[in-house]
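**Student:** Residues per chain, in single letters:
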Amino acid sequence: MELVEAIILAVLAASTPLLIAATGELVTERSGVLNLGVEGMMIVGAACGFAGAWLTGSIFIGALFGIVAGTLMSLVFALMTLGLAVNQVATGLALTILGVGLSGLIGAGFVGERITPAMHLYIPSLTDMPLIGRVLFGEDAFVYFSIALVIGVWWFLYRTRAGLILRACGDNHVSAHALGYPVLRIRTFAVIFGGACAGLAGAYLPLAYTPFFIPGMTAGRGWIALALVVFSSWRPGRLVVGAYLFGAVTILQLHAQGWGVGIPSQFMSALPYLATVIVLVLLSRARTGGSTAPAALGTVFVPDR
Amino acid sequence: MQLVLEKRVERSNTIALVSPLIAIGLTIATMTVLFAILGKNPLLALQAYFIAPLTDDYSLQEIAVKATPLVMIAIGLSLCYLANAWNIGAEGQFLIGAVAGSWIAVKTQGTDAGAWVLPVMLVLAAAAGALYALIPAICKVKFGASEILTSLMLVYVADLFLDYLVRGPWRDPHGFNFPTTAEFDPVATVPLLIEGGRLHLGSIIALLVVAAAAILLGRTIKGFGIRVVGAAPRAARFGGFNANQLVILTFAVSGALAGLAGIIEVAGPVGHLQPGISPGYGFTAIIVAFLGRLNPLGILIAGLFLALTFIGGEQAQIAMKIPLDVTKVFQGILLFYVLACDSLILYRFKLVLPNRQVPRGTG
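Going down the list, the protein sequences come from chains G and L. Anchor point for the first sequence: position 186 equals 186 in my numbering, and the numbering is continuous, going up by one each time. Anchor point for the second sequence: position 136 equals 136 in my numbering, and the numbering is continuous, going up by one each time.
Hints listed in this document are in silico derivations from the structure and should not be mistaken for laboratory results. Source: prediction; values computed, not measured. Check before you lean on any hint, since a few could be wrong.
[Stated by the list, open to error] These stretches of chain L come out as covered by chain G in the derived footprint (C-beta under 8 Å, 3 or more residues):
1. 221-230
2. 328-334
[Unchecked claim] Going by beta-carbon spacing under 7 Å, a handful of chain G positions derived as facing chain L:
3. A85
4. A94
5. L102
6. R114
7. I115
8. I123
9. P124
10. I263
11. Y273
C-beta: ideal position from N, C-alpha, C; glycine also.
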């Protein structure tokens with residue numbers, strides 16, 4: 001039983017950064033912008049998050065640093081793709097290349113340092129309950145926040161007028177513009193939201209997942225988050241399922257080594273990446289009757305005056 | 001008052017020519033600020049980055065050596081990007097090519113294998129790179145899966161596979177437990193062009209690739225098809241060009257070139273297979289392709305320039321203790337400026353004043 005509990009806790013912890021980053025990207029993509037720079041924003045968020053927490057001793061301020069870093073990166077992306085109408089794919093790649101360099105530069109002074117990771121919730125008697133106690137009442141704040149974030153985004157997209165307008169921009173920017181909605185401004189906010197989430201997701205890694213910073217610690221999680229958005233068919237509900245599924249694959253890979261399965265560790269480590277490829281293929285194949293992606297996703301929009 | 005973009009009636013050819021130069025200028029200006037923030041003398045840093053490597057024979061050869069894989073990969077990528085196919089997994093194809101070619105080198109080690117070894121290594125590496133690139137291409141064409149994500153995921157898989165081989169079955173028994181294969185035999189190494197120097201035959205191969213790409217794009221129907229499919233997909237359909245077929249073709253060619261670059265790097269400057277054989281060549285080549293305007297000759301120049309930043313970065317690290325990551329930051333910023341300046345080829349800025357009706361049809 002304790003093993004089951006430990007595995008569930010580990011899966012939730014591994015899924016949380018994916019869920020936060022993917023939720024942000026989902027909003028961005030729903031507005032019609034494809035930001036491939038998630039990995040870059042995450043990795044800078046990780047370095048800045050750790051730096052913030054190390055300098056101030058506060059996990060909360062560390063998280064804020066991560067959010068600000070992701071936001072600043074996304075502003076550069078918005079300026080390029082929305083202000084200058086540059087190709088979104090190429091700009092996203094540039095953001096990732098820049099992010100990897102910046103993260104190394106910012107984090108260089110912090111390699112080898114340690115911090116006290118984010119506290120886990122503890123409510124006497126509730127958290128002590130067997131099996132479900134620690135799973136429901138013993139997580140770190142990021143886990144609860146990630147769930148609140150998805151619910152909030154679902155509510156925003158499907159239950160508010162602003163969410164409807166945002167989706168309209170993603171499906172048909174020409175019509176949305178003709179109706180008088182400021183397409184570029186709405187998209188800018190969506191991109192910034194995605195950046196803030198990616199920065200926070202990156203900060204989660206050194207603040208809660210491991211108590212130290214190493215260069216390249218996002219290890220492709222930003223790209224997996226992008227694949228998760230496709231997996232979810234751009235729906236928040238399915239995103240939760242997808243993120244936990246991928247978290248489970250990651251943990252399976254870690255635990256299989258501990259259980260002494262006779263497969264080389266590198267093959268097990270390749271599992272999340274291979275799973276991503278397979279999932280993308282299966283899903284794209286199932287979706288033969290027209291794509292569910294926002295219709296204007298990735299297209300440049302220059303308002304006509 | 002607001003700045004807005006306005007589409008140009010015709011693309012500006014003047015800006016198309018000078019925009020990479022503007023981008024380089026802006027990047028150097030930004031770097032000057034960054035060096036100052038890092039507390040280094042910007043002038044000395046720029047000198048170490050861009051001038052010092054050009055002043056001695058060893059560094060000049062080293063620039064050519066570093067430019068070789070960059071140019072070969074970027075030529076392949078440019079074909080993909082021209083056809084609107086987004087191969088960003090060249091790093092993985094590079095590694096798989098290195099692995100496939102090394103297989104022969106490892107198997108023939110210490111035997112009396114003849115001069116056939118190197119040519120077979122090159123062919124095998126190109127074939128493996130092409131096959132590896134075909135995975136995302138086929139997933140895209142058959143199932144509609146995003147080639148951007150699949151090709152990138154396969155980079156991590158290739159990296160782990162290489163890691164497994166050099167730590168496991170191919171590890172050099174006399175290598176003091178380092179994760180590396182034994183040094184390749186002379187028949188399995190790329191010959192040097194200058195005795196005792198660093199310049200090797202791979203640089204000649206890269207030049208041939210540039211020439212071949214220039215002929216393909218400028219003189220053949222296939223090359224025309226690639227351009228049309230990328231620039232005007234609808235027109236291409238009417239013209240009878242099959243976009244899916246070109247995705248497969250361009251991916252295969254770019255994978256083959258990346259794979260070839262991989263084995264040339266391992267059998268040339270490195271001399272054995274080990275993790276970390278690439279300082280991100282596959283990703284830097286994306287910048288080379290764009291900076292070179294997806295044009296073979298442009299890519300050759302851009303490849304030499306980015307190679308200069310690698311060598312300059314190493315020299316700046318030794319001479320001024322500037323972190324190596326500055327090179328990556330430089331490359332990222334450069335790509336941003338290149339893309340931003342490209343925007344001015346198609347658009348121009350216009351100032352819109354508030355509360356004043358701009359008459360339609362003018363301006």
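**Student:** Each hint: holds or not?
**Tutor:** Comparing the hints with the structure gives:
Counting residues of the region 221-230 of chain L whose C-beta sits closer than 8 Å to any C-beta of chain G gives 0, which falls short of three, so the coverage hint is violated. Look at the region 328-334 of chain L against chain G: 6 of its residues bring a Cβ nearer than 8 Å to a Cβ of that chain, three or more, so the hint holds. A hinted interface residue such as A85/G counts as satisfied when its beta carbon comes closer than 7 Å to some beta carbon of chain L; here the least separation is about 6 Å, so the hint holds. For A94/G, the interface hint holds, since its Cβ comes within 7 Å of a Cβ in chain L; the closest pair sits about 4 Å apart.
Satisfaction of the interface hint for L102/G is found here, the shortest Cβ-Cβ separation to chain L being roughly 6 Å, below the 7 Å cut-off. The interface hint given for R114/G is broken, as the beta carbon of that residue sits about 22 Å from the closest beta carbon of chain L, more than 7 Å. Hint on I115/G is violated. Least Cβ distance to chain L is approximately 22 Å, over the 7 Å limit. Violation of the interface hint for I123/G is found here, the shortest Cβ-Cβ separation to chain L being roughly 40 Å, above the 7 Å cut-off.
The interface hint given for P124/G is broken, as the beta carbon of that residue sits about 43 Å from the closest beta carbon of chain L, more than 7 Å. Taken as an interface hint, I263/G does not check out: its beta carbon lies about 10 Å from the nearest beta carbon of chain L, beyond 7 Å. Annotation: Y273/G was flagged as interfacial toward chain L, and the flag holds, the nearest CB pair being 4 Å apart, inside 7 Å.
Taken one by one, the earlier hints fail for this structure at numbers 1, 6, 7, 8, 9, 10, listed in ascending order.
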